[in-house]
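Student: Residue numbers (my numbering), protein chains in the order written: chain A, 1 to 103; chain B, 1 to 245.
Everything labelled a hint here was simulated from the structure, so no lab data went into it.
Honestly, I wouldn't trust all of these hints.
Some chain A residues near chain B, calculated using beta-carbon distances under 10 Å [what the hints assert, rightly or not]:
no., residue
1, 43
2, 55
3, 70
4, 78
5, 83
6, 93
7, 99
8, 100
9, 101
From the derived model, a few chain B residues whose C-beta atoms are all more than 10 Å from chain A [what the hints assert, rightly or not]:
no., residue
10, 5
11, 49
12, 51
13, 69
14, 120
15, 149
16, 161
17, 168
18, 178
19, 191
Backbone N, C-alpha and C define an ideal beta-carbon position, used for all residues, glycine too.
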Amino acid sequence: MSLWFWLLLACVLAYAWKLMGYFVPASLLQNPRMSRVAGTMTIGLLASLTIVNTVASGQVLAADARLGALAAAAIALALRAPFLVVVIVGAGTAALLRLIGWN
Amino acid sequence: MKLAASPAVRVGISISIATGLYGISFGALSVTSGLDFWQTMALSLLLFSGGSQFAFIGVVAGGGSGIAAMSAATLLGMRNGIYGMQLNTLLQPRGWRRYAAAQVTIDESTATSTGQTDPAEQQRGFWTAGIGIYVLWNLFTAVGALAGSGLGDPKQWGLDGAAVAAFLALLWPRLKGLEPAAIAVACAVATVIAVPFVPAGVPILIAALVAAVIGWFSHGRSDEGLEPDVDPYEEHHGRKREAGA
Numbered sequence: 001m002s003l004w005f006w007l008l009l010a011c012v013l014a015y016a017w018k019l020m021g022y023f024v025p026a027s028l029l030q031n032p033r034m035s036r037v038a039g040t041m042t043i044g045l046l047a048s049l050t051i052v053n054t055v056a057s058g059q060v061l062a063a064d065a066r067l068g069a070l071a072a073a074a075i076a077l078a079l080r081a082p083f084l085v086v087v088i089v090g091a092g093t094a095a096l097l098r099l100i101g102w103n
Numbered sequence: 001m002k003l004a005a006s007p008a009v010r011v012g013i014s015i016s017i018a019t020g021l022y023g024i025s026f027g028a029l030s031v032t033s034g035l036d037f038w039q040t041m042a043l044s045l046l047l048f049s050g051g052s053q054f055a056f057i058g059v060v061a062g063g064g065s066g067i068a069a070m071s072a073a074t075l076l077g078m079r080n081g082i083y084g085m086q087l088n089t090l091l092q093p094r095g096w097r098r099y100a101a102a103q104v105t106i107d108e109s110t111a112t113s114t115g116q117t118d119p120a121e122q123q124r125g126f127w128t129a130g131i132g133i134y135v136l137w138n139l140f141t142a143v144g145a146l147a148g149s150g151l152g153d154p155k156q157w158g159l160d161g162a163a164v165a166a167f168l169a170l171l172w173p174r175l176k177g178l179e180p181a182a183i184a185v186a187c188a189v190a191t192v193i194a195v196p197f198v199p200a201g202v203p204i205l206i207a208a209l210v211a212a213v214i215g216w217f218s219h220g221r222s223d224e225g226l227e228p229d230v231d232p233y234e235e236h237h238g239r240k241r242e243a244g245a
């Protein structure tokens, strides 16, 4: 039940951000610092989520098949593959590496 | 003007299909991260912002707490507030439309709208992409969630690798130039250093703090990192603004 609570709170806060944009005075938009922080934080969070999902198992760092998935996804992205193809490449690589014994 | 003849509507429909389809991967990853079907659907129906939804399930999958998942999702949602300000100036929705517009204010609907120059086309682009993605994203989330719950051991299918690929794909289009890449590397390093010392989920929030400090004191482009996951005008490079065509 507690996960439901945080999940619904996340939903409320997500809508609050969106709605706030429509109600704050336009003059705030003149402040480039706000957009810059929103932008750099987006990059930082996504980079962090990428690496956490690659090398962390709880509080332990591990080098496993997920590293292969990261490399394969990067190659697919460099070749301009669409999102869904990149995800499938990542899954396929991790599954294949496990099949041949690299966990 | 017939709707099919509107360039913004055509772009809006194609971006809806491209973005909506990857709701499958969200749905499948969400149920294998430990959320149930309705929790997964609640994220797509109510939170409705791809990056934040992936962040929420990514933290949960890594053993993070609910509050860490909520915080990561919320910090990622800040940019939608910036989009809201831009769109409010551009589209000036009134009454109930303002509340509806807010819910479908995301990377792709904003990019589809701001890529047009004609005010009527900006409106059509925003609403076509916004509503189109909302409907398809939820539909394909349900498909993915139902498929994912029948998969058995997610690791055997490499679904943890799929999550890694999904986050990299969300990050990739935002790495235009040296500074965004440097920010990404700095935050990744900060994360790796933090992992052994703090509870799961918290390293992501530390990275957010690092990124916020960099953004506060730097003088880079003010729209850095504010790019859609799927660029609605990618095929139209060179003739980016089709409005009035």
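Student: List, from low to high, the hint numbers that the structure doesn't satisfy.
Tutor: Result: hints 8, 9, 11, 12, 13, 16, 17, 19 break, sorted rising.
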